[in-house]
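**Student:** Letter by letter, the chains look like this.
2 protein chains.
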Amino acid sequence: MFPSSFPATEYKRVLHGDLHRFCEQALVSSGAKKDHAVAVARVLVEADLRAVYSHGINRLKMYVDECKTGTVDVEAEPIVMKEKGPTAVVDGRNCLGAVCGEYSMKVAIDKAKEHGIGWVVANNSNHYGIAGHYAMMALPHGMIGMSWTNTSPIVVPTRAKNPALGTNPIALAAPTDSRDPFVLDMATSAVALGKVEVSNRKGEKLPLGWSVGTDGLPTDDAKAAVESSTTGKGGLMPLGGLEENSGYKGYGLAMLVEVLGGVLGDASFGRKIRTWQSPLLSREGGANEKDDGGANLGQAFIAIDPGVFMPGFPSRMDDFIDQMHGLPSADGLPQVMVPGEPELNARKEQEREGIRLHDSLIDNLNQVSEECGIPRIRCHA
Amino acid sequence: MFPSSFPATEYKRVLHGDLHRFCEQALVSSGAKKDHAVAVARVLVEADLRAVYSHGINRLKMYVDECKTGTVDVEAEPIVMKEKGPTAVVDGRNCLGAVCGEYSMKVAIDKAKEHGIGWVVANNSNHYGIAGHYAMMALPHGMIGMSWTNTSPIVVPTRAKNPALGTNPIALAAPTDSRDPFVLDMATSAVALGKVEVSNRKGEKLPLGWSVGTDGLPTDDAKAAVESSTTGKGGLMPLGGLEENSGYKGYGLAMLVEVLGGVLGDASFGRKIRTWQSPLLSREGGANEKDDGGANLGQAFIAIDPGVFMPGFPSRMDDFIDQMHGLPSADGLPQVMVPGEPELNARKEQEREGIRLHDSLIDNLNQVSEECGIPRIRCHA
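So the protein lines, in turn, are chains H and V. Residue numbering for the first sequence follows the working numbering, beginning at 1 and increasing consecutively. Residue numbering for the second sequence follows the working numbering, beginning at 382 and increasing consecutively.
If you are wondering where the hints come from, they were derived from the structure by calculation, not from laboratory data. Source: prediction; values computed, not measured. Incorrect hints may appear among the rest.
To be verified - Here are the computed distance ranges between Cβ atoms for each label pair:
id : chain 1 : residue 1 : chain 2 : residue 2 : range
1  : H       : K205      : V       : D446      : 19 to 27 Å
2  : H       : E204      : V       : G713      : 25 to 33 Å
3  : H       : E204      : V       : D596      : 24 to 32 Å
Unchecked claim - Chain H stretches covered by chain V per the calculated footprint, using a threshold of three residues with CB under 8 Å from any CB of chain V:
id : region
4  : 13–23
5  : 32–39
6  : 130–139
7  : 204–218
8  : 267–274
Glycine is no exception: its CB is placed at the ideal position from the N, C-alpha and C atoms.
This is chain H alone, in the form it adopts within the complex (with noise of 0.2 Å):
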């Protein structure tokens, strides 16, 4: 919600246009059909455009790493493989996230629009980008949306010594009348790895509830809770970090996800979920339980008609906005802010002016275009 600013580095503006256009050729040159490519496009740029560029066109090389090694598989349509009423479970027969996310939260604005709220969970899918694009699918249709994903473990349950749980993201996105849309984007780890990988390179130490080392014992050592992250032993603490700060809600907040996601569309959940670094290895240390060995992520899709409920929703979200915005801030703070208002702020500046990209990752586009063989993404100072 409050993403820290852009580190004072070396960058350039890339326009979200181009960054789009570069992202798409780059997965069609890699075996990817078109509109799976602007699918893919569409999120990364979204997150970069939001500022959260963790989740942007840093992961893109994985992506078209991914079509090339068919780890995930480029032919692949996700289907609806049984639904009633209201519900859904879509496979996504190990497709590109984002096509597997886009075409759920569609089944599940279909069902919404049918019955009220639609619920659809998918199995076999992989890594889909920020949660928040799919709740804002439910937006331009006047409704409720919300997602979250299981992802690779990496967070260390309270009192464990090793990760367990991956970041599981929660996202609610809400319609509004005249204000911004309310936009809860949020990991349930509590932080996410960037940050701790952004306080190495600074040299500084951490805050103690951010990460465990390899004793899984809190540490304020940057440097032990990245190697940490890799090597399977220690790594990040779940939301309110400390037990006698309430770690365990966000360690139960993971597991939530989990229920509500991999468990409930029977995907591969908890520490069965392949390692980021070892695509072909689940955590367990044995082969994925999928021949493909795709991800197998869980992910969940809901959207809310909230008309059917009770009128005037649109025009309470403003109010509530406003209480919110009408707080006091504490001494010597900045105005209070609600979830959503920083990302959106990054957007309409970045729309406008260009996307802020660090030159290490403008580096690591141009290897993709070389690559790929495509065209270098157009930068300005």
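Following the hints, complete the assembly by docking chain V onto the known chain H.
**Tutor:** Using the frame of chain H, we list chain V on its own:
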């Protein structure tokens, strides 16, 4: 999830059947209908059995007073005021919160039997005790249950000075095959007010991240924290605590409960909910919107039949729970637990041996027995 162990003070044991009867008699003598009194007794005794003493029989006097003064309507029965397919809106008509809660959850379960899912919101409700009680009602039906409620504002949004949100709990209960059920029941605040009060009594400093003082800044002063929660200045911090530890996520979750509860159901929400201390005045300083002076809380009740998604959910839950139990503990820490486990352990012991009640609480109950003209509660050493 991990309730603090019972303070080593003087206490007596009370059999849960006796406590239930006492509660029922007190409420009936205060004007409540017999079946309404039974519903309230059920949820309060369940909380005490689970050692969630902050939401147990210690609240009886409040409910008794509310019945006697007409703050709640002892004659009212909740009704479905609107429904469409899997959805419904229940008008609690200012009845006792437990009555509205059990009624609404039953509607949700019936909807789920027909549609696979039931999503019910209630307005004109009152404080309903532990959210987990309503979620757990789904378990005997082999269903997943969820519930949440808004509450009187004592939580201070990130960067704000004054409270604007309640502790807004979220509960999820999920059936298992041979393991104990999964029961997450958590306030979205960093801690419950009761924990701050305990620290205050013990003269201990608070961890930074539990509470803010009247200037809106974090405080370790338990006394100031307790005072601030009654003055409407300062109060509890949302889950996550400090902004650097992602307290804005807990703030976002508290808003989620409002969006999908009070706002969706057209109940009171946010700062407009009356304070605990001045039932006829809202936080805004004006009279409540409702002429009857009711709390007009907004609540949600969701039931999900996991079988309409993928078969085998209960055994996958067993597997998921076993994954967590199988994790090695951090150096020196006890075994990893799952949500609901500590409460269920307490429940098993207290159902057998009797519920531990503080001497001060026994005094309070004796006062209730005098006021209501009913026999005193029977205590065991």
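**Student:** Now tell me, hint by hint, if it's right for this structure.
**Tutor:** Tested hints:
1. Between H:K205 and V:D446 the CB atoms are about 51 Å apart, so this pair departs from the stated range of 19 to 27 Å.
2. Remark: the range hint 25 to 33 Å for H:E204 to V:G713 is upheld by a beta-carbon distance near 27 Å.
3. Taking the beta carbon of each, H:E204 and V:D596 are about 27 Å apart, inside 24 to 32 Å as hinted.
4. Check on the region 13–23 of chain H: 0 of its residues sit with their Cβ under 8 Å from a Cβ of chain V, so the three-residue criterion for coverage is violated.
5. Given as covered by chain V, the region 32–39 of chain H fails the check, having 0 residues with a CB less than 8 Å from a CB of that chain where 3 are the minimum.
6. Check on the region 130–139 of chain H: 0 of its residues sit with their Cβ under 8 Å from a Cβ of chain V, so the three-residue criterion for coverage is violated.
7. Only when three residues or more bring their CB closer than 8 Å to a CB of chain V does the claim for the region 204–218 of chain H stand; here the count is 7, and the claim holds.
8. A stretch counts as covered by a chain when three or more of its residues have a beta carbon under 8 Å from one of that chain; for the region 267–274 of chain H and chain V the count is 4, and the coverage holds.
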